[in-house]
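Enquirer: Each chain, written out:
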Amino acid sequence: MLAGAVRNYVNRWAVTPSQNVAIFTNNNDGHQTARALLNKGVNVAAVIDTRKRKVSSPDYETFSNAVVSNTSGRLGLVSIIVRHEDGSQRTVKCGALGVSGGWNPNIHLSSHHRGRPIWKESIQSFIPDDNCPSGMLVAGSAKGFMELQDVMQSGHDASAQALNNLSIEPKGINLPKVQDDVKFSIEPFWIVKGTSRGWVDQQNDVTAKDIKLAKQENFTSVEHLKRYTTLGMATDQGKTANISGLAIMANLLGKPIPEVGTTIYRPPYTPTAIGAFAGRSRDKDFRPIRKTPSHLWAEEKGAVFVEVGMWMRAQWFPEKGETHWRQSVDREVLSTRKSVGVCDVTTLGKVDVQGKDASSFLNFIYCNGFAKLPIGKTRYGLMLREDGIAMDDGTAARLGENHFVVTTTTANAVSVYRHMEFVRQCLFPKMDVQLISTTEAWAQFAVAGPNSRNVLRKIVDKDFDISNDGFPFMACGQVTVCGGLRARLFRISFSGELAYELAVPTRYGDALIREIMQAGKEFDIVPYGTEALGVMRIEKGHAAGNELNGTTSALNLGMGRMVSKKKDSVGSILSEREGLNTQDALKLVGFMPVNTDDPVPAGAHLMSAGSPVDAKHDQGYITSACFSPNLNCHIGLGFLKSGDARIGEVVRLVSPLTGQDHKVEVVSAHFVDPDGERLRA
Amino acid sequence: MHRLNPISPLGTKQPIKKEFGPYTIEEVNSNALASYSFRKGAERDAKKNIEQFIEGSLPDVMSCKFGKISSFWIGPSQWLIEAPVDMYEDLAGELTKISNSTASITEQTDAWCRFDLIGSNLAEPLSLLCNVDVPSFKGGEVTRCQMDHMGCFLICRDLTNITILGPRSAAGSLYHAVTAALDAVV
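Line by line, the protein sequences give chains A and B. 0 is the number of the first residue of the first sequence in numbering that gives the first Met the number 0; add one for each residue after it. 0 is the number of the first residue of the second sequence in numbering that gives the first Met the number 0; add one for each residue after it.
The shape of chain A in the complex, shown without the other chains (with noise of 0.2 Å):
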């Protein structure tokens, strides 16, 4: 222990580690913690001294000029080894071993305000400089004023400069003298010579062997030291060990301390709870919450939320009697595929394009072509990163020549947007295109199913055709709705359905939600969250943030012919990479077990039958998986090796971390109306 500790904990609360404690010093400070101890009645068992001077005492025996070179104990201290000058050792038994290197000032404070710290050379310790910002004055033990009579004239002056400071005279006032003072008298000692470690700073685990490594490697500088080392880092920000450390180096350099230096400190000064800096952020408050425009109307409806994002997005709508998620999941899901049924989807990013290169700018962010988009119709598009790897995918709905709205992925919204400024800002700046993100501002809902669109005839405004030849698939265009406010509606489907997205101005959407329910009563409507939503598109074999993981190219998930060759794209060329287009490339296929009671998990791999069961044989793996209702069955996305050519293929599912075994067979991505016929309904 330090000595110091030592010494608080017999006088403040009549505590000791030991009944029989030895001390090893380099100055008198050890001394008084040796004297403490024997006023209240503990054994000092030895005062080791490193100083050349003899220092005696009566009261116990004192070793000078020697160190203590070893300890033994197990669960505790049994005894140390002392080593005398000539090399002779000694044993003393001790349950505790108090040591005592002086004492460093605290100059934190000062040093918060970036002033340079001075060396002392009679305190082998550093000082605040006099350069302290105006209103701080240091004294006493802080500025290096060991002796009691020192510290308290210390006080006492810099009591009377700050009255000065004021303009107040201060009253003069006769200190008392100090009776008995310890002289403070240190001599420098660094480390003990033959050991193997010798473990500076007790924190960190430390050693000397450390510090002289980081000097071989010449990280020398003291910051570099504190870097390499961790020398004086975490909660006691180097207060017991930063000097020991700093002589070392300055030993190992031949330099004296003042010239290596020293770090300086910053807050806080004493160790403080992470809870702190939170603040008031945490719990619910722990980051900001988004709510989608029907956050109101779904809480009344008894929603169970789910967090995507920052979003708090419906997952399901439970009813009456159903006590299971995947009651509602089914039920919600074979509503929709039945007749109708509607879905809050304005979590999906939104971007603005417009300008007069809007087309040619979107034509290089995606991967397939986009110059030739008609007014009036939306297109699905596929972004890589610069690497060939697929990055998000969405639609874009042309409103007018210079006009296009593009969607992204929830998740990537942000991340999306960003990648279209670094192309508009840096690859293209000459290009005229503007952009801004239109999220926040349209409530949108998907409302899909055979019924949609004899719901939707009863929202939007009669002037505008939406039937199937007036407003085919992919079609978008802008409508009056309820009455005449303007909104947006795009025909485009994530369910597989006939499927509707409407867009009006966010205030509006809760109006809106309870009208098209209220609309759709006739066809038995429902609402949707965001599980039936997966459940739909892995039936539709659409791929999702699952597919699109950072791993997976154009190729992978069977959109390698969207890829145009006849432009340029992000991403297009190194899209080529060999590697990612090897004759057994992962392909996005769809898998049905075999016993149809049996699960499809994510994340299990697929193996050829017959095949050991590992790394080296691995054919791919699951990425998506539910229940279909429609099929009766668990069902999954994943990717195969040569998937596209193995269908009907039986493979082996394996999850060796839960003990999964068992056949699928490969099949189709589309289980659920592969010609699409549904959507162009």
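Do not rely on the hints blindly, as some may be mistaken.
From the structure, some residues in chain B lie toward chain A, with a derived Cβ separation under 7 Å [claimed, not checked]:
no., residue
1, P5
2, S29
3, N30
4, S34
5, S36
6, R38
7, P75
8, T105
9, E106
10, D109
11, G150
12, S168
13, A179
FYI, nobody ran anything at the bench for these hints, they're computed from the structure. Where is the CB? At the ideal position from N, CA and C, for every residue including glycine.
Got chain A sorted already, so can you dock chain B onto it with the hints?
Expert: Frame of chain A, contents of chain B only:
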């Protein structure tokens, strides 16, 4: 007239107003907003068209101007135009017409929630919310900042009235952050 009733960003029919000692926070949703960006090569005409509409010159970088129709600089060659929603419900539509294809206009009315802070020494609560040098404000400044992880605009209408524009979907979180700061300084 359509039959849909709007709700405020905080989900109420009427905007919220609350006092905290000498400070007042007021939710404002009586204005329409639209972004106005110059198209390349048409900057001069785009500027002329909008300045006719707002009956004054566009504000400089990081500045705003107030009037019946107000404008805030939000980026290179890009401004937010603000006008009373009861007079300009489809502000973006009107700007599109007057711009004559010299500018790109995007409706932003419901992209934002707006909280006005009213009181003297607004720098004090704002110092708990963002790292903007509010004490240096003289009136007429606009700057982008972050408050509790939310990207916001700070618009100084005058030294006793500063607007916070934040993401509408996170209006509840922003309101909580601002009122917690107000609570902390009164």
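Enquirer: Go through the hint on R38(B) and say holds or violated, using the shortest Cβ distance to chain A against 7 Å.
Expert: holds, 5 Å
Enquirer: Should the hint that S29(B) touches chain A count as held when the rule is a Cβ pair under 7 Å?
Expert: Nearest chain A Cβ about 12 Å off; hint violated.
Enquirer: Report holds or violated for the interface hint on A179(B), using the least CB-CB distance to chain A and a cut-off of 7 Å.
Expert: holds, 6 Å
Enquirer: Holds or violated: P5(B) as interface residue toward chain A, Cβ cutoff 7 Å?
Expert: Hint on P5(B): holds, closest Cβ of chain A at ~4 Å, below 7 Å.
Enquirer: Against chain A, run the beta carbon of S34(B) and see if the smallest gap drops under 7 Å.
Expert: holds, 5 Å
Enquirer: Per the CB criterion, is N30(B) less than 7 Å away from chain A?
Expert: violated, 12 Å
Enquirer: Are D109(B) and chain A close enough, Cβ to Cβ, to be under 7 Å, as the hint says?
Expert: With a minimum Cβ separation of about 4 Å from chain A (threshold 7 Å), the hint on D109(B) holds.
Enquirer: Against chain A, with CB atoms and a cut of 7 Å, does the hint on G150(B) hold up?
Expert: Result: violated, 10 Å to nearest chain A Cβ.
Enquirer: Classify the hint on S168(B) as holds or violated, based on whether any CB of chain A lies nearer than 7 Å to its CB.
Expert: holds, 4 Å
Enquirer: Using the nearest Cβ pair, does P75(B) come within less than 7 Å of chain A?
Expert: At about 9 Å, which exceeds the 7 Å cut-off, the nearest Cβ of chain A leaves the hint on P75(B) violated.
Enquirer: Closer than 7 Å between Cβ atoms is the bar; does T105(B) clear it against chain A? Give me holds or violated.
Expert: With Cβ-Cβ at 4 Å, under 7 Å, it holds.
Enquirer: Minimum Cβ distance from S36(B) to chain A below 7 Å?
Expert: holds, 4 Å
When held up to the earlier numbered hints, the structure conflicts with 2, 3, 7 and 11 and fits the remainder.
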